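> Model the full structure from these sequences, guided by the hints.
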Amino acid sequence: MGVKTVAIIGSGVSGLVSLKQCLEEGFEPVCFERESSFGGVWIFHDEPVKTHNRGSLYHCLVLNSSKNMTNFSDFPYQKASSPYIQGKEFINYIKAYVDHFDLERHIRYSTDVKRVEKATDYDITGRWTITSACNGGEVKQETFDAVMVCTGLYSDRNMVEYPGQEEFTGEIMHSNEYKKADGLANGKNVLVVGGSHSAGDCAVDTSRVSKKTYLSMRKGTWVVQRMGPDGMPRDMAVNRRINFFIPEWLRRKKVVDHIYSRVNMDNLGLKSVNKMFCSEVMVNDDIGSRILCGAVVCKTGIDHFTERGVVFTDGTSVDDLDLVVYATGYQLRAPIVDNDIISDGMKDLELYLYIFPPRLKHQTFAAVGFVETIGAHAPVFEMQARYATRVFKGCASIPPQEVMFADIKRRKNFMQNRFGKPKNFFPSIPYQEMLADRIGAKPKFWSMVLTDPVLAYRTFLGPALPYTFRLVGPHAWSGARDAIMDVWNNTFYATKTRMVPKSAGGHGSLDFGVLKFLVVVLVALTFFLSILC
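Residue numbers (the working numbering): 1 to 533.
Derived by calculation from the structure, the hints in this document are not laboratory data. Possibly wrong hints are sitting among the right ones.
Claimed, not checked - Taking lysine-lysine pairs in the BS3-like style, the calculated list, with each CA pair at most 30 Å apart, reads:
#: 1; residue 1: K254; residue 2: K421
#: 2; residue 1: K409; residue 2: K421
#: 3; residue 1: K4; residue 2: K88
#: 4; residue 1: K423; residue 2: K179
#: 5; residue 1: K412; residue 2: K253
#: 6; residue 1: K412; residue 2: K118
All values derive from a computational prediction rather than experimental measurement.
Now the structure itself:
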């Protein structure tokens, strides 16, 4: 018996792409959403929502990835949008996506899923029972052929506690409650705790109105700015297929050299104790200048609180703190399913390719969005959903249980050795390529070189755009090539608001680049054939 009906839990980004992929595969999906609108963490509230602990937007948030690396593979941003999108504006793109693909009619709002469990006939059919309640009313149960849990990694804030914290007389909050500095931090001494993106945002934002802002990091961080080489978005410069053929030590050197050309991490007290790619990363354009002018002061980790301040692990202290903001991330929680399917916490999480629980008899359950990547999340979640729905349909497969467990163990050991703790954090491009290959959506290099060398040049030497996974394979998009070829115009269209003298070269100078590319390919092919002969 094949899959026909699919329950999707959550209508954030991962839930919406799962819903769209189910429709593409001909399934009958129902998306359960406990809030009154779709968007998940991208729903902006002017005031903190006290009823939940999940991630929430603040006024100053800007996406860490540029628009053409963030958008879905068959739905480009409008040219009028700036290269980087403000957090409050991202929901407009999501709304446009939902409208374009007519997704909303499949969403049940204000419906709280209480439980996801195997149906009584699961051993035979692989079906699942969903227990839910709409608007706090009558609890009901429904059975579906498959289920996709899309509640993600930002559903439960991580509130750290230190000795003496209960005696502190100032205000303590988590970054999920933070909205803006004005009215909160004016004239106050503020301590922000954390070393990643939200910590940097909160530190910079509060420093504009505070008396002094302190940034406490146990291990430091690596600060990456949005603007990369030649003024292009950094992720469009770094996330290229060709770069992943370069040894990691060389890629690391190139990235670190560019970081230090912008921000001296040593002099500003930011540098991580761990090397690049094995450490926290903070995407922030202003933290360096705020430290240079004394508005932000970097400190080590907290040892303990006092009544009016904190003592740090290096013995220094701040004795007149008014506000502490914990930008300490989120914990993995999925209480609606059994712990042996999705565990509480990364340490015990077992998902094959970060999607499929390996202990199930039938592969009719998928977890979408339970990863963090170096690069935009949205296209990664989309590729996960594409792979999962192809497995549900029987058009893609997963290996035997022992192979899945071995793969999970290998990945967990790698992450533990790299970060010193359980973590799902890795470059997005190789992961997407692997999943795309399994569904037949991975671009074929040699075929493209022979049939469309200009596109091959853009695809393999240019930014690894999400559109490249719609060139071939199931549900290919006829507009993918045009979107790839127009990407630089799309990226900078909104910023070219003043006529300037024309410069030589630039991103549009394709002819010479393609010629060099073809020469290199020809030489490599000649060398390869000479070895074979």
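> All hints, please: hold or fail.
Now the hints, each set against the structure:
no.: 1; hint: K254 - K421; verdict: holds, 26 Å
no.: 2; hint: K409 - K421; verdict: holds, 14 Å
no.: 3; hint: K4 - K88; verdict: violated, 36 Å
no.: 4; hint: K423 - K179; verdict: holds, 28 Å
no.: 5; hint: K412 - K253; verdict: holds, 25 Å
no.: 6; hint: K412 - K118; verdict: holds, 27 Å
Against the hints set out earlier in the document, a violation occurs for number 3 only.
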